[in-house]
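Novice: Sequence:
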Amino acid sequence: MKTEWLESFIETAKTKSLSKASEQLHMTQPALSKQMRKLEEDLGVTLFIRSATGVELTSAGEILLQEGESILSSVHALQKN
10 MKTEWLESFI
20 ETAKTKSLSK
30 ASEQLHMTQP
40 ALSKQMRKLE
50 EDLGVTLFIR
60 SATGVELTSA
70 GEILLQEGES
80 ILSSVHALQK
90 N
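Residue numbers (this note's numbering): 10 to 90.
A couple of the hints might just be wrong.
[Stated by the list, open to error] Label pairs and their in silico Cβ distance ranges:
1. M10 x A61: 17 to 23 angstroms
2. L87 x T62: 34 to 40 angstroms
3. A61 x L87: 35 to 41 angstroms
4. N90 x T37: 31 to 37 angstroms
[What the hints assert, rightly or not] Listed next, the in silico SDA-like pairs over lysine to any residue satisfying Cα-Cα at most 20 angstroms (straight line):
5. K43 x W14
6. K47 x A69
7. K89 x A69
8. K29 x L15
9. K23 x L81
10. K25 x Q38
11. K89 x G77
12. K11 x Q88
13. K43 x L87
14. K89 x E71
15. K11 x T62
16. K43 x T12
17. K89 x I72
18. K25 x E13
19. K23 x T67
20. K29 x D51
21. K25 x A40
22. K25 x A61
23. K89 x E16
24. K43 x G63
25. K23 x A61
26. K43 x E32
27. K11 x E49
28. K29 x I80
29. K89 x T67
30. K47 x K89
31. K25 x L74
32. K11 x D51
33. K43 x S28
34. K47 x Q88
35. K47 x E16
FYI, nobody ran anything at the bench for these hints, they're computed from the structure. Note that the Cβ used here is the ideal one computed from N, Cα and C, for glycine as well.
Please build the complete structure, drawing on both the sequences and the hints.
Specialist: Here it is, written out as structure tokens:
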């Protein structure tokens with residue numbers, strides 16, 4: 010899993026929208042969608058329930074959101090050393 014994918018996942022989960030998250034992340038919505046599909050493939054789980062009105066987290070998505078911010082914080086701390 011790439012840390013960029015995790016950052017993108019967290020932004021998407023917080024905004025509950027691939028299009029809003031893509032704007033915040035300064036990337037295209039199709040590129041973000043592709044990242045999220047690859048993250049789901051890497052983890053072997055579905056993270057989002059996608060609909061015309063946005064995205065909702067699955068139970069696996071909820072777990073990743075809770076743990077993901079801590080993981081990113083640890084990675085960023087390691088990179089500073």
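Novice: Each hint should be assessed against the structure and marked as holding or not.
Specialist: Each hint, compared with the structure:
{"no.": "1", "hint": "M10 x A61: 17 to 23 angstroms", "verdict": "violated (28 angstroms)"}
{"no.": "2", "hint": "L87 x T62: 34 to 40 angstroms", "verdict": "holds (38 angstroms)"}
{"no.": "3", "hint": "A61 x L87: 35 to 41 angstroms", "verdict": "holds (40 angstroms)"}
{"no.": "4", "hint": "N90 x T37: 31 to 37 angstroms", "verdict": "holds (34 angstroms)"}
{"no.": "5", "hint": "K43 x W14", "verdict": "holds (10 angstroms)"}
{"no.": "6", "hint": "K47 x A69", "verdict": "holds (15 angstroms)"}
{"no.": "7", "hint": "K89 x A69", "verdict": "violated (30 angstroms)"}
{"no.": "8", "hint": "K29 x L15", "verdict": "holds (16 angstroms)"}
{"no.": "9", "hint": "K23 x L81", "verdict": "holds (15 angstroms)"}
{"no.": "10", "hint": "K25 x Q38", "verdict": "holds (13 angstroms)"}
{"no.": "11", "hint": "K89 x G77", "verdict": "holds (18 angstroms)"}
{"no.": "12", "hint": "K11 x Q88", "verdict": "holds (14 angstroms)"}
{"no.": "13", "hint": "K43 x L87", "verdict": "violated (28 angstroms)"}
{"no.": "14", "hint": "K89 x E71", "verdict": "violated (28 angstroms)"}
{"no.": "15", "hint": "K11 x T62", "verdict": "violated (27 angstroms)"}
{"no.": "16", "hint": "K43 x T12", "verdict": "holds (15 angstroms)"}
{"no.": "17", "hint": "K89 x I72", "verdict": "violated (26 angstroms)"}
{"no.": "18", "hint": "K25 x E13", "verdict": "holds (18 angstroms)"}
{"no.": "19", "hint": "K23 x T67", "verdict": "holds (13 angstroms)"}
{"no.": "20", "hint": "K29 x D51", "verdict": "violated (24 angstroms)"}
{"no.": "21", "hint": "K25 x A40", "verdict": "holds (17 angstroms)"}
{"no.": "22", "hint": "K25 x A61", "verdict": "holds (11 angstroms)"}
{"no.": "23", "hint": "K89 x E16", "verdict": "holds (17 angstroms)"}
{"no.": "24", "hint": "K43 x G63", "verdict": "holds (16 angstroms)"}
{"no.": "25", "hint": "K23 x A61", "verdict": "holds (17 angstroms)"}
{"no.": "26", "hint": "K43 x E32", "verdict": "holds (15 angstroms)"}
{"no.": "27", "hint": "K11 x E49", "verdict": "holds (12 angstroms)"}
{"no.": "28", "hint": "K29 x I80", "verdict": "violated (23 angstroms)"}
{"no.": "29", "hint": "K89 x T67", "verdict": "violated (33 angstroms)"}
{"no.": "30", "hint": "K47 x K89", "verdict": "violated (27 angstroms)"}
{"no.": "31", "hint": "K25 x L74", "verdict": "holds (12 angstroms)"}
{"no.": "32", "hint": "K11 x D51", "verdict": "holds (10 angstroms)"}
{"no.": "33", "hint": "K43 x S28", "verdict": "holds (13 angstroms)"}
{"no.": "34", "hint": "K47 x Q88", "verdict": "violated (24 angstroms)"}
{"no.": "35", "hint": "K47 x E16", "verdict": "holds (14 angstroms)"}
Of the numbered hints given earlier, the model fails hints 1, 7, 13, 14, 15, 17, 20, 28, 29, 30, 34; all others are met.
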